[in-house]
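Under the working numbering, the very last position in the sequence shown is 791; numbers go up by exactly one each time.
If you are wondering where the hints come from, they were derived from the structure by calculation, not from laboratory data.
From a predicted model like this one, the values you see are computed outputs, not experimental measurements.
Be a bit skeptical, because a hint or two may be false.
Once the Cα atoms are required to be at most 20 Å apart in a straight line, the calculated DMTMM-like pairs of lysine to aspartate or glutamate come out as [stated by the list, open to error]: (1) 747 <-> 669; (2) 615 <-> 736; (3) 578 <-> 545; (4) 578 <-> 565; (5) 578 <-> 558.
So the derived label-pair ranges between C-beta atoms look like this [unchecked claim]: (6) 621 <-> 508: 41 to 51 Å; (7) 590 <-> 343: 47 to 57 Å; (8) 624 <-> 589: 13 to 23 Å.
Ideal Cβ placement from N, Cα and C applies to all residues, glycine included.
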Amino acid sequence: MRKIQPPKKRKKIHKTYLYLKKQVFFTVFFIIAIIGLILPLRPKTSTIEKRTLTTFPKFTLSSFLNGDFLTGVSTWYSDTFPFREALLNANSAVKNLYGIQGEQIVHNSGQSGDEIPTGGIMVTPESESDSQPASDSESQSPSGSNETSQEQTSDTETGESETFEDGAIHDVPEASGDVYVTGDTAFGIYYFNLEAANEYITMIDKAQKRLDGVANVYDILVPTSVGICLDEKVQEQINSSNQNDAINYVFDNINNLNSKVQTVKVYDTLINHNSEYIYFRTDHHWTALGAYYTYEEFCKAKGLIPTPLTDFQKVEYPNFVGTYYASSNQVQALKDNPDTVIAYIPQSTNDMFFIDENLQTIQWRIVNDVSGYDTGAKYSTFAAADQMYAQIDNPTLSDGSSCVVIKESFGNAFIPFLVDHYEHIYIVDYRYFKNYPKYNNSIYQLVTENNVSDVIFINNVAAMSNSVQVGQMSAMFD
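Based on the sequences and whatever the hints tell you, model everything.
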């Protein structure tokens, strides 16, 4: 027979239990708070999210009085909490155990692209926008992280993505933020922006006229994977703008405004190769193979003979998990099926230099060995990644041939293929070029001082839908 404790004794045990529970809670809380205050433990960058974390805000009396300073401290504290990467990984593992990251469709941001005009020319040279470049405080580290909104159910069955003979995926995929995932492949949704596209058109016209009689201007707009590797009907279902129509609109208007600009359309070429490995599955970039097919189209426009792909030395860097892993809230299928970065070393030289953020000259490799790099950083094998200024000098040529490549990160994989054709290649990332004082953010000065013959714009289509980026390019031709 079980012995029943007196009420007073039970009450005493209960009070002891509550006391111990409070002590444990406050002890753990205190320890976590102390850990959070240990500055050396605070991370500065996020490997998973591919971004620089929030910095401690600068104190000013005005920011303190209006609350901005304390808000900034709160954001800094939460964004740089010690062991945040381990906590994110743990959170992802727990979600995976509960099946949260299955083949369900998740709401995206609800954004939609503008209607793409057809059947007429919409832009005149006078319509140029006064877009302003981004502030100098912009980080050179890519961010691209999108938050996921609420989930919704879908009739889409789980399993492998259905791929047809043309290489396009034809099933409706999972959405996470502005990234859609089907099987082990992710796609970034493209939203056409008419105002920004018109600004891009007038910017290219402005650039050519600034360089008229000095250098040839080439414009390459690169589709992203969603426009090439996803069936058009599925693109419509997920509200992604038609990239072929967008590129046609921009190029038709450029050619109408200025016949001296040489537009290089690569959409059809990439469509014809979409069953090949021309885009990464876990990252928003294209592969070197996609860049090579674009290089062939540039050679046609320029009148060059492209170097056969088999003539390059090929190197591979496996286990690459790119930006889509972070911006899809770490879908496990992407992590479990990493990409391989394949690069092709130029025949003439593999040497280059770039100017770092401290304005120091750094010797580097055009195709750099990234075998020891973090899994999310291996795309940086190409052309020193995203630097304000870089230069390649080809020791096998002495004909004075030279070009300026104006690019964002898509251009990095394209640059190695140009090396064997030019004595000098000047590389400008328009997002950061303003920080290099030598040329005063002036492409005209760079071109005239170095007798440059070709200026090559290479951007992915998202750049022409971003007024800030267009403004950054335009500012270099003021």
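Q) Failing hints, ascending? A) Of the numbered hints given earlier, the structure breaks none, since each of them holds.
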